[in-house]
Every structure is written in C-alpha cells, then in structure tokens.
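K.L.:
Single-letter residue listing:
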Amino acid sequence: MTRKLVIVGNGMAPGRMLEHLVDAAPGRYQVTIFNAEPRVNYDRIMLSPVLSGEKGYEEIVIHGDGWYVKNGITLYKGHKVATIDRAAKTVTSEPGVVEPYDKLVIATGSVPFILPVPGRGLPGVLTYRDLDDVNAMLLAAQSRAKAVVIGGGLLGLEAAAGLKMRGMDVTVVHLMPTLMERQLDEAAGYLLERAVEERGIKVMTKASTKAILGKDRVEGVELADGTVIPATLVVMAAGIRPNAGLAKAAGLTVNRGIVVDKFMATSDPDILALGECVEVEGHVYGLVAPLYEMARVAGAKLAGEETTGFAHSDTPTKLKVTGIDLYSIGDFADGEDREEIVLRDAAAGVYKRIILRDDKIIGTVLFGETSDGAWFNDLKKKAVNISDMRETLIFGRAYQGGAPLDPMAAVAALPDDAEICGCNGVRKGKIVGAIKAKGITTLEQVRAHTKASASCGTCTHLVEQVIALTLGDAYNPAAVQPMCGCTTLSHNDVRRLIKAKSLKTIPAVMQQLEWTSSGGCHKCRPALNYYLVADWPNEYADDYQSRFINERAHANIQKDGTYSVVPRMWGGVTSASELRAIADVVDKFAIPTVKVTGGQRIDLLGVVKEDLPGVWAELGKAGFVSGHAYAKGIRTVKTCVGSDWCRFGTQDSTGLGVRIEKFMWGSWTPAKVKMGVSGCPRNCAEATCKDVGVICVDSGYEIHFAGAAGLDIKGAEVLGLVNTEDEALEHIVALVQMYREQAHYLERIYKWARRIGIGEIRRQIMQDTEKRRGYFARFVYSQKYAQVDPWTERVSGKDKHEFMPMATIGLAQAAE
Amino acid sequence: MSLIEIGKLSDIPRQGARCVITPTGRIAVFRTAEDHIFALEDRCPHKGGPLSQGIVHGGAVTCPLHNMVISLESGHAMGADEGWVRTFPLELDGETILIDSASLAALAA
Ligand code: SRM
Ligand SMILES: Cc1cc2nc3c(=O)[nH]c(=O)nc-3n(C[C@H](O)[C@H](O)[C@H](O)COP(=O)(O)OP(=O)(O)OC[C@H]3O[C@@H](n4cnc5c(N)ncnc54)[C@H](O)[C@@H]3O)c2cc1C
Ligand code: SF4
Ligand code: FES
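From first to last, the protein sequence lines stand for chains A and B.
Just so you know, the working numbering puts the end of the first sequence at 816, numbered straight through with nothing missing.
Just so you know, the working numbering puts the end of the second sequence at 925, numbered straight through with nothing missing.
Where hints are given, some of them may not hold.
[As the list claims (entries may be wrong)] Computed footprint of chain A on chain B; a stretch qualifies when at least three of its residues, placed anywhere within it, have a C-beta under 8 Å from a C-beta of chain A:
| no. | region |
| --- | --- |
| 1 | 821–831 |
| 2 | 887–893 |
| 3 | 896–905 |
[What the hints assert, rightly or not] Simulated restraints on C-beta separations:
| no. | chain 1 | residue 1 | chain 2 | residue 2 | range |
| --- | --- | --- | --- | --- | --- |
| 4 | A | Leu605 | B | Glu821 | 35 to 43 Å |
| 5 | B | Leu908 | A | Asp132 | 36 to 44 Å |
| 6 | B | Glu911 | A | Ser577 | 42 to 50 Å |
| 7 | B | Met894 | A | Ser490 | 55 to 63 Å |
Worth flagging that the hints you see were computed from the coordinates, not collected in a lab.
Remember, it's a predicted structure, so these values are computed and weren't measured experimentally.
Where a beta carbon is used, it is the ideal one built from N, C-alpha and C, also for glycine.
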C-alpha cells in the first residue's frame with residue numbers, strides 16, 4: 001500500500017528533496033504539501049533580481065503547476081499548517097484541511113527578525129523574505145520616494161540595490177562599523193561600502209535604530225543619536241530566525257532550530273525536518289548549499305535508500321548586486337596561530353586576503369576580482385599545503401608554475417573534483433560527464449541536467465568555460481544574440497530593462513543601457529520605438545524618424561519610389577458605394593494599377609508621394625480608414641461567408657471577423673499580425689495557417705495560433721475552445737497582448753511561441769483567468785491611444801512636411 | 817558663386833530629410849541629431865531608391881529599399897557595400913539653408 005507523506009512548507013529545501021524522491025522511488029508515497037505562501041516552489045534566492053527588474057517571477061519558478069500534476073502531488077497553496085497532532089498523526093491547516101500522515105516532513109524555513117522597536121507594526125514597514133514582500137516593495141517603489149533599509153548584510157544590500165534600481169532614494173542603516181561584517185573583514189567591508197555608495201545609496205554605519213516614526217503609516221526612522229531619516233518605506237533586514245514554532249508546539253525537541261540528527265530525523269522518528277528551520281550538530285544555515293545536502297539525505301531516507309549522513313561544510317558568500325564582486329569563505333578572524341597574505345590594488349578597487357594556519361588555507365576574502373574563489377576554496381577543502389606556492393598564491397591559479405595562464409587554461413587545469421557550483425555542490429567532472437554522455441550543447445541544458453548555475457547564477461561564467469573547454473568550437477555562447485551592433489544586450493534584456501528602469505525615450509534607453517553608437521542604427525531604432533510604444537502607450541511620444549518609411553508615410557514604398565494604398569475592408573466585406581469611391585479615386589489620381597490582394601481587399605499601386613494625402617482625403621469621405629498594409633501591426637482578418645449564407649456554416653464567421661478587426665485595428669505589434677475566421681472546419685478562410693485563426697464549430701469557437709504561410713509554412717496550434725463570440729474576442733485579444741508585451745521586434749507569433757512554449761501560452765490565456773483579463777485590459781487601454789486613423793490625421797495636416805518637397809528650384813534659378 | 821535659399825533648418829525633422837526638386841533631379845537634404853545638414857542626390861547607387869525616405873542614424877542614412885547604408889558626408893556606401901552618390905555643399909546662415917546653384921548645374925551636366 002502506498003504510504004502518506006505530508007510536507008509542511010514548500011520552499012527550496014523540500015522542493016529539492018522531492019526531486020530526489022520522485023527520481024529514486026516514484027509512487028512510493030502519496031504526497032501532500034501545505035504551503036503558507038499561495039504559490040508553487042520558486043527560487044527564493046532570485047527574488048533580488050526580480051526586485052531589481054533583472055528577472056520576472058515566471059523566470060524563477062522551479063516547479064510549475066504542471067510538475068505537481070505530473071508527479072501526482074497535491075499542493076495546498078495558501079494553507080498554513082496550524083497544528084500537528086502527533087498522537088493522531090494528522091496535520092491541520094488554517095483553512096481547515098485535516099490530513100493524515102505516515103511520514104511528516106517539516107520545512108518551514110526562517111522568519112525575518114523584527115527589531116523590537118516602537119512603530120515596527122506601521123504600514124509601510126516590510127521584511128524581505130518572499131514574493132509578497134517583493135510585490136509590496138515594488139508598489140512602494142512606484143512613488144519614487146525615500147526608503148530606509150535596516151541591516152547592511154546580504155539581504156539588506158540586495159534590497160537596497162533593487163529599490164535604488166527602481167528609482168527610490170535609499171539609505172542603509174547598519175548597526176556595526178562595516179557592512180556584511182559576518183562575511184567580510186574590515187578592509188573589504190570598507191570597499192563594499194564605497195561600491196554601494198557609488199550606486200547612489202547612502203550608507204550609515206554604527207547606526208542603531210531607536211524607533212520607527214509615523215502616525216497612520218511610516219514616516220521615518222529615528223536613530224539612537226537622535227537623527228531622523230524620512231522614509232515612506234522601511235525594510236527590516238536585520239537577520240533571520242529558524243521558524244520552529246510549529247514543531248515546538250507539537251512537542252518536538254527544539255533548540256535554536258528544530259533539532260535533527262544527521263539523517264534529518266527529529267525527536268519523533270516519523271517526523272523529518274530540513275532546511276533553514278533545523279539545527280544539525282549545532283549548526284543552523286542560511287544559504288542553500290547545505291540545505292540541498294540535507295535534501296539529498298532526506299530524499300534518500302524517504303526513498304528507503306542507504307545514504308551517508310549530512311556533513312557540515314562552509315559555503316561561500318557572494319552578493320547578487322550587478323557589478324559588485326565579492327567572495328568570502330571560511331574563517332577570517334585574526335589570531336595568534338594565523339598568517340595572512342594580502343593583495344591590494346587601490347586603483348582597480350581590488351582586495352584579496354587569504355588566511356592560513358599551518359600552511360593551509362582556512363579562509364578567503366576577495367573583493368573586486370573573484371575569479372579565483374573556486375580555486376582557493378578547493379585548496380581549502382582539500383587542506384592542501386601551500387608552502388611551495390606561497391610567493392605567488394595570492395595572484396591566483398593562473399600564476400602558478402611560471403608564466404601566467406589565460407583564464408581558460410586556469411579552468412582547464414582545475415581537477416575533476418573541483419567544485420564549480422557552490423549552491424548545488426556540482427563538481428567539474430559531473431558537468432563534463434553530463435556534456436559527453438547526453439550530447440549537451442547549451443548552458444540551459446547543463447542547468448537542466450546537472451543543476452550547475454541553476455540557483456544563484458554567480459558561477460555561470462565558470463560553467464560556460466567548462467562547456468567551452470569540453471565542446472571546443474561546437475559551443476556557441478553567443479546563443480544570446482545582441483540586438484544589433486550598437487549594444488551587447490539581447491532583445492530580451494532590452495525589453496526587460498525598459499520596464500525595470502522605466503525608460504521612456506529612445507535617448508534614455510541608449511544612455512542608460514550604454515549604447516555604443518551615438519544615435520543607434522536602422523535595426524535598433526525601430527525596435528526601441530516599438531518597445532516604447534507598447535510599454536508606455538499613454539506616455540511615449542512616437543518617434544517617427546525611427547520608423548521605417550512605410551510606417552512613417554502610412555503607405556508601402558514601391559521599387560520606383562511610388563507608394564501603394566490599401567484601405568481597410570472589414571473582414572473582406574465591401575459594398576457598391578465603397579467600390580464606386582475606389583473607382584473614382586483611381587480615375588481622379590490616374591492610379592496605374594488596381595489589384596485584389598491576398599488579404600481580401602484592394603491595393604492601389606503607383607501613387608506618387610505628394611498625392612497620398614489627396615487620395616486619402618477622397619477615400620476618407622467614403623468611410624475608408626488605413627488598412628495598415630505597411631505596418632508591423634494588425635493587418636487583415638480574412639473571413640469566409642459563414643452561417644449567413646453557407647450551407648455548412650456553424651457560426652457567423654464574417655461577423656466575428658469584422659468584430660475582431662474593428663476591435664483590434666490600429667494596434668502596433670512586434671511583427672505583422674494576420675488573422676482568419678472560418679465558419680466550419682472546411683476552413684475556407686485558411687484560418688489554420690494564420691498568426692491567429694478561428695474555426696467555428698457547432699459547440700463554439702476553436703482558437704488557433706502560431707501558424708505561418710510566408711517564408712515558413714506551418715500549421716497553427718490549437719489554443720483552446722470557447723463557447724461564445726465574446727469569449728473568443730477576449731482570448732484572442734489577450735493572446736495578442738501577451739505577444740505584444742513579450743516578443744522581440746520582427747518576431748512573428750509562431751517564432752515567439754516557439755521560444756516561450758505553446759503550453760505556457762495556453763496556460764496563461766486559457767487557464768489563468770486573471771492573467772487573461774489583465775492582458776485584455778492592457779490592450780484596451782493602449783487602444784485608446786493607438787486606434788486613430790493615421791490617414792485622417794494626415795489629411796488634417798499632421799506631418800505635412802513628409803509629403804511635400806521643401807523647395808522647388810526653377811530652371812532660371814538653377815542656371816544663374 | 818550664387819547661393820539659393822532652399823528652406824529653414826526647422827523645416828527638416830531631426831534625424832530626417834526633405835526633398836528639393838531641381839530641373840535636373842531630386843536632392844535629399846538631411847538633418848542629423850546634432851543639427852548637421854547634408855545634401856545628396858536622392859537616388860541610391862544600388863537600384864535608385866529614394867534615400868530621402870530612409871532612416872537617418874549618426875552620419876548615415878539607410879536606403880529604404882534594400883538597406884544599403886550611405887555616408888551623408890561622402891556619399892559612399894558603408895560597410896561591405898560599394899557605391900557612391902553625389903553630394904552637394906550646403907551653407908547654413910543662421911537658420912537658413914543655402915545651396916550653390918553652380919553645383920546644381922554640374923548635376924545637369
Ligand atoms: C499586396 C500583397 C500581395 C498581393 O498582391 O496580394 C502583398 C504584398 C507585399 N508583401 Fe506580402 N502581400 C500580401 C499578402 C501576403 C500573404 C497572404 C495573406 O496575407 O493572406 C503572405 C503570407 C502570410 C504571411 O503573412 O506570412 C505574405 C507574406 C509576406 C512576407 C513574408 C512574411 C513572413 O514572415 O514570412 C513578406 C516579407 C516581410 O514581411 O518581411 C511580405 C511583404 C510584402 C511587401 C510588403 C513587400 C515589401 O516589403 O514591400 C509587399 C508590399 C506590396 C504593396 O505595396 O502592397 N509578404 N504576404 C498582399 C497584401 C495583403 C493585404 O491585403 O494586406
Ligand atoms: C532575498 C533573498 C536572497 C537570498 N540569496 C541567497 C543566495 O544568494 N545564496 C543562498 O545560498 N541563499 C540565499 N538566500 C537564502 C535561501 O533562499 C534560503 O536558504 C532557502 O530558501 C531556505 O529554504 P527552506 O526550504 O528552508 O525555506 P523557505 O524557502 O523559506 O521555505 C519555507 C516555506 O514554508 C512556508 N511555511 C512556513 N511555515 C509554514 C506552515 N506553518 N505551514 C505551511 N507552510 C509554511 C513558508 O511560507 C515558505 O514558503 C536568500 C534568501 C532571500 C530571502
Ligand atoms: S510575393 Fe510579396 S514580396 Fe514577393 S514580389 Fe510578390 S508581393 Fe512582393
Ligand atoms: S536601392 Fe537602395 S539599397 Fe537597393
């Protein structure tokens with residue numbers, strides 16, 4: 001009979017434990033998890049990049065909902081466990097679910113330490129532990145006002161850097177004389193303080209918080225010396241405590257944390273505990289590497305495998321603030337029995353210190369240049385006697401044995417058992433082995449197969465070097481393509497940073513993101529213009545000079561420099577009066593060619609530029625607006641006759657097509673968007689090779705997307721079936737908005753979908769109602785600014801200069 | 817030398833161009849982000865594309881038809897492409913843009 005395993009807490013430690021368990025003994029337990037946080041397991045370490053805007057929440061999810069379904073695991077989100085009844089062997093959650101267990105795992109993590117000062121409960125005082133904290137900080141950051149971070153440790157500094165990047169005025173208040181004093185010596189702490197201040201963050205050391213001021217919400221922080229710092233946001237990052245209350249109430253042995261043996265058993269043999277909430281052999285931990293070691297042990301125990309017990313090891317500390325490199329491990333206190341080697345390079349802001357005892361490394365502090373951290377750590381772990389290389393040790397691996405090696409050679413020289421990824425304890429040999437055995441060629445695959453670089457990411461560079469060494473020329477790290485020659489950033493990076501840093505003009509993007517050209521080029525400028533139009537619909541002033549001529553002139557340029565004019569014909573439906581108006585325009589302006597297009601409308605070709613406003617004025621009188629046949633925008637919605645006439649028609653496909661086109665026209669998109677609506681599966685509107693298509697059926701509307709029929713040919717994917725026309729519209733609009741927000745410029749829907757994943761798009765649009773409504777609402781909002789007929793605007797005088805020569809020089813003048 | 821007024825600086829958008837029609841052909845007058853002005857024959861050396869319709873960036877324009885990049889200063893194609901288009905000297909008197917009629921005659925020749 002399968003046994004019942006219940007887990008309290010769904011953080012990083014039990015997540016890893018479950019991975020071991022479902023690998024080693026699938027189906028051995030029926031697993032139920034209770035998580036106080038209303039969400040799946042995500043990479044808590046990466047909250048700082050989410051705060052700063054360098055990553056999105058979706059990117060840091062470790063196990064999506066699908067993973068739990070696939071592995072038959074029940075996850076109660078937002079269920080905090082209130083009590084454990086050890087006699088009855090049940091747990092009860094606050095919302096009232098009672099769940100029996102055979103084995104119980106407690107993994108409740110830590111709670112932030114709240115300074116016991118007056119005012120600590122005021123609105124606006126936050127901690128920094130989970131996604132809710134980050135969201136609350138982001139909300140507060142919108143005000144661009146002042147923030148105080150209490151605590152100059154790892155968490156406090158990452159919070160401060162993130163808030164600063166979000167535009168707040170930030171002060172860090174720290175009790176001790178130097179920052180991160182538990183991981184850094186004074187010299188490095190001083191350099192860190194300077195580096196933090198260079199980012200525009202104020203630092204106050206030796207500053208003891210006396211009270212948090214404010215009436216209805218926080219207004220400032222008062223220090224012991226009477227100084228008052230105004231603030232609308234206060235983040236307490238003054239340390240964490242193991243979250244052991246629940247275990248204690250259940251009568252388990254608790255000291256600083258829940259006491260476990262080296263096989264993670266608590267004082268009750270049916271209850272295991274792991275993660276930051278436990279104390280093992282006198283140690284409690286605050287970094288993931290040892291927690292993952294616990295997860296390995298606990299997973300093996302539950303799977304019924306033989307295993308070695310948990311062994312203590314030091315974990316290096318790194319700070320995830322872009323541009324600040326520090327590395328510290330082991331013991332760096334001064335002492336009688338110790339010697340040290342120090343290297344300082346003031347100009348470069350580099351400081352390195354190695355602490356030795358009996359000719360062996362026991363601690364290392366590196367600031368400014370940390371690439372040798374892994375090597376020093378390796379020597380430390382293996383207790384290598386360094387007397388032979390004492391003179392050159394501090395210069396690092398590259399300088400051992402004569403001539404300096406290049407960095408690649410230094411990695412090549414690392415032994416197979418050198419640790420590359422500290423968080424996950426992955427050694428070089430494992431990475432090389434996986435690459436060879438599984439034919440891996442990318443960093444992503446290495447992450448998936450070995451977990452190296454999959455947690456905090458600071459070892460990414462080392463991992464890439466190992467891949468490059470193993471694969472030689474076959475490795476192409478430039479899989480991330482820069483947008484163009486003016487920057488090293490990819491489209492993804494640029495899109496994210498535009499949002500994160502609230503960049504709202506092209507010059508601001510170029511300045512802040514350090515463009516290497518003064519005015520961009522014909523590749524990046526149109527892309528940036530689109531990103532800004534899409535992201536700030538109400539604020540951004542469209543830069544016409546950054547648009548390709550077709551979008552600037554609102555007509556398609558032809559090989560002879562004339563233009564073509566394609567008016568909208570909603571859903572391909574027209575009338576005698578429309579056709580008559582077109583005929584009259586053709587006559588009046590002597591337009592040489594009239595052609596029916598592949599998009600169910602009429603193209604007037606060979607119009608000279610000066611005539612465009614005149615042609616548009618006439619067409620406008622008959623009710624025509626621009627067909628945007630020139631735009632990276634909504635093009636056509638092809639329809640078939642549908643239930644109005646066709647003997648097979650199941651729904652009003654023509655009507656739906658017209659409705660979609662009227663709702664969505666005018667919107668700018670990353671690349672053109674063409675749609676089709678067919679009245680039955682015979683599919684006369686060719687809806688299944690469109691960017692978005694609808695096949696009407698008796699029971700409703702089947703939405704398709706990501707088809708292609710141009711340079712590539714590809715049948716569309718099914719998004720899902722909806723019942724009503726209203727729902728069809730909502731889903732299609734939401735899908736296109738998601739595409740507008742995420743795709744790279746010039747990336748058609750099918751390419752974007754290939755990158756994001758059909759399943760993920762389906763999940764967000766079909767299943768996540770809240771997400772879908774959000775996308776829909778943002779589209780509607782941006783349409784307020786976009787759905788303006790550009791032809792009418794120009795007929796009334798906008799951009800007059802575009803259509804007229806500046807001067808005409810007569811023969812007489814020229815001959816003078 | 818006789819200078820003919822062809823317009824004001826503010827007639828041309830920054831990073832844009834306007835055309836001047838002459839008896840012998842069209843000239844494209846460009847204005848860069850830094851307010852430098854240049855005049856080129858409005859015919860791409862590749863297949864005659866109207867350079868005035870291109871995207872202006874730095875001191876160059878990208879032809880709208882097939883993306884050849886032309887230096888505004890020299891009229892030469894940049895990068896790996898080859899080709900050359902005539903340039904015309906301009907004078908800026910305060911806000912007023914002036915062109916030398918003699919150079920236009922040369923175009924006719
Ligand atoms: C007029 C038309 C051909 C016709 O006479 O029927 C046409 C004309 C042009 N197409 Fe097209 N395409 C036309 C329907 C199509 C279709 C069929 C359709 O829409 O049902 C396709 C295949 C579906 C698709 O969109 O992929 C099509 C795939 C392309 C492509 C390939 C796009 C791709 O990503 O694979 C290009 C090139 C591009 O966009 O870079 C292109 C580019 C062009 C351009 C804009 C070339 C250019 O850059 O100057 C042509 C402009 C001529 C003009 O001034 O009107 N045209 N083109 C059709 C106008 C439809 C409309 O009413 O708006
Ligand atoms: C901003 C930030 C940055 C960090 N950076 C790094 C870093 O760079 N490197 C590093 O190694 N470590 C870092 N850490 C630490 C690392 O995230 C933690 O060590 C790790 O997440 C702890 O895992 P855990 O499973 O023990 O607990 P957690 O991940 O904290 O998970 C505990 C979960 O249990 C839930 N819970 C609590 N009580 C109950 C209950 N009664 N019932 C149900 N659920 C409950 C909580 O809601 C929480 O979701 C960072 C932490 C933070 C907050
Ligand atoms: S297929 Fe399209 S792009 Fe090619 S020549 Fe015809 S209209 Fe032009
Ligand atoms: S005509 Fe200018 S690039 Fe072809």
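K.L.:
Decide, hint by hint, whether the structure agrees.
P.N.:
We went through each hint and held it up to the structure:
1. 821–831: With 8 residues closer than 8 Å to chain A, the region 821–831 of chain B meets the three-residue bar; holds.
2. 887–893: Contact hint for the region 887–893 of chain B vs chain A: violated, 0 residues under 8 Å.
3. 896–905: violated (count 0)
4. Leu605(A) to Glu821(B): 35 to 43 Å: With a Cβ separation near 36 Å, Leu605(A) and Glu821(B) satisfy 35 to 43 Å, so the hint holds.
5. Leu908(B) to Asp132(A): 36 to 44 Å: violated (60 Å)
6. Glu911(B) to Ser577(A): 42 to 50 Å: Hint holds: Cβ distance 48 Å, inside 42 to 50 Å.
7. Met894(B) to Ser490(A): 55 to 63 Å: Given range 55 to 63 Å: violated, Cβ gap about 25 Å.
Going down the numbered hints, you'll see the structure goes against 2, 3, 5, 7, while the others check out.
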